[in-house]
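If you want the building blocks of each chain, they are given just below.
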Amino acid sequence: MQSSPDSINPGVIRACQQGDREAFRLLFEAYKDRVFSIACYSLGNEAAADDVTQQIFVKLFTRIGQFRGDSEFTTWLYRLVINSCLDERRKQKRFLPVEEFTPMTVPRKPPETRYERREIADSVREAIGGLKPKMRMPIMLKYVEGFSYEEIAEVLGCSKGTVASRLNRAHKALAKKLSHLRGELEL
Amino acid sequence: MFSRHVSSLTSAYCHDELSPTESRRVAEHLISCPRCRAEFEEIKFGARLAAQLPLIEAPDSLWHKTEIALNRDGRAVPIRKRGRIIPFLMQPRFALSSLALVVLVIAVATFWPRQAPKSLGPSWDVARLNGAPRIGADLVSDKAKLGIGQWLETDTNSRAQISVSDIGQVEIDPNSRVRLVETKPTEHRLELAQGRLSARISAPPKLFFVNTPSGVAEDLGCAYTLEVDKAGNSLLRVTTGWVSLQLKDRESVVPAGAACATRPGTGPGTPYFEDASEIFRAALTRVDSDHDSAGQTNTASLKVVLANSRVRDTLTLWNLLPRVAGSDRALVYDRLAALVPPPSGVTREGVLKLNQQMLDAWKEQLEYRWSDRLSSGPFKT
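So the sequence lines, in the order shown, correspond to chains A and B.
Here the numbering used here = 1-based position in the first sequence + 722.
Here the numbering used here = 1-based position in the second sequence + 8.
Note that these hints are calculated values from the structure, not bench results.
C-beta: ideal position from N, C-alpha, C; glycine also.
Take the hints with a grain of salt, since some may be wrong.
[Claimed, not checked] Which bits of chain A does chain B cover? Going by a derived footprint, with three or more residues having C-beta under 8 Å, they are:
#1 752–762
#2 773–784
#3 803–811
#4 859–871
#5 888–901
[As the list claims (entries may be wrong)] Just a sample of chain B residues kept apart from chain A, beta carbon distances all over 12 Å, derived:
#6 Arg12
#7 Ser15
#8 Ala20
#9 Pro28
#10 Thr74
#11 Ile76
#12 Ala77
#13 Asn79
#14 Arg80
#15 Asp146
#16 Arg185
#17 Ala267
#18 Leu347
#19 Gln365
[Said to hold, decoys possible] Computed, partial: chain B to chain A, Cβ under 10 Å:
#20 Leu17
#21 Ser19
#22 Glu47
#23 Glu50
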């Protein structure tokens, strides 16, 4: 999951810009899982992620004419994704009481119990959901999309050094929060 | 020697984002700085956790809902029907040429797989050094690729060399079987089922691993040979740097000039310097094997080990401390303290209770006596 996707054919992007719905379907299929994953991890709630992902693709299709090719398409796309997720999170905090969330949580097991792979993934999801956005976003762009530090910096509008620093802090935070899983990951 | 700490560069180092010069600086610093190495381990663990993040499949209904939203938004665009993909082939005037094209495609498809093998995914380069090594059923004629999950085998007359990504090389001796288990920026792993390999790795600690039937050799920045016999017993010999051998909760850290035997099910034995006396080594073998089979220490053999130990053999004695108990541990402590007195803050009582901080502090003081450079110096007894 860490490797970057193959670049979308530029002809597909051009076709989308001309309003070709079938080309847009191709674009949708290429990115839907990654976009949905980032939305889930940002919002901690699959129902909200579903809505936001739809909004993102509608925005993508209606704004794709603005993409001039002066950056990588994926940079442009993920800026849209990150901004949409941040907007949605702000709205949720303003209008929804916390208890209406259905967070994706897994209760911690007693230390002597072994964790299944899925439980480890769920614990990681919960921990990442608890990170501050400044740390969570670089983690998602690195591990969901497989971006380089330079690409992450372009999406987030910061320097490579800032990306490195935020990832450092995020990794340490995860290691601290999930120290009970240290023996569970194979050596 | 670099004195600037490198913790701020650790994630970038794990992700291979540094320049070669910076990367080398970090690698060299990590070998010698316990503080940064501890932080590296923490960050690497965090990175491994993050790598477990699964991709979440979008629900099947998402496209349908998106399309409805697009149409509702009032900016719906007419669905432009695509032309048929190869319409010209269906037209009578092109029937003959399209048939010829189909025949050509079938012919190419029949022969093509032999010339253009499927992509292996991540792989290491293998060079034949001697004889006819094999990867799976295929002979390695000159150079080949070893993909994840594939076995490289050598017979009595063959040898091969594997390039471990860009961090080092491993030579595979005759009558050996190795398999590539994993290769990625934070982990490179081989399995040695049988035979012998020699590794020379220039990378930060804990990046290169070799699985054997009796333990895992974890590179800490080094060169070494590792041999596995048919029964799954291993013998590790370290030429430069350090290697850690582990199985479950048992670990032996082995420096240059030292060796360590491991047995399946019990894991690493007690490391020792190969220039220790024959009497010392034979007695140590009895201590290790009796402890493994009977769960008790052969005190008579332990006393022989202690009586024949030099300052350099404090490597063995320090590693014996947690492996023996009660009065045997007191014997080991007394001999160790006589050879190299513990630093201030490290007490006999604490060591006998295996206080980890005290053990680590004493080890830090002992380590430079284990260095090859001092083997002919004032500390040799």
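Exercise for review: Starting from the hint list further up, note which numbers the structure goes against and sort them upward.
Suggested key: 3, 7, 8, 10, 11, 12, 13, 14
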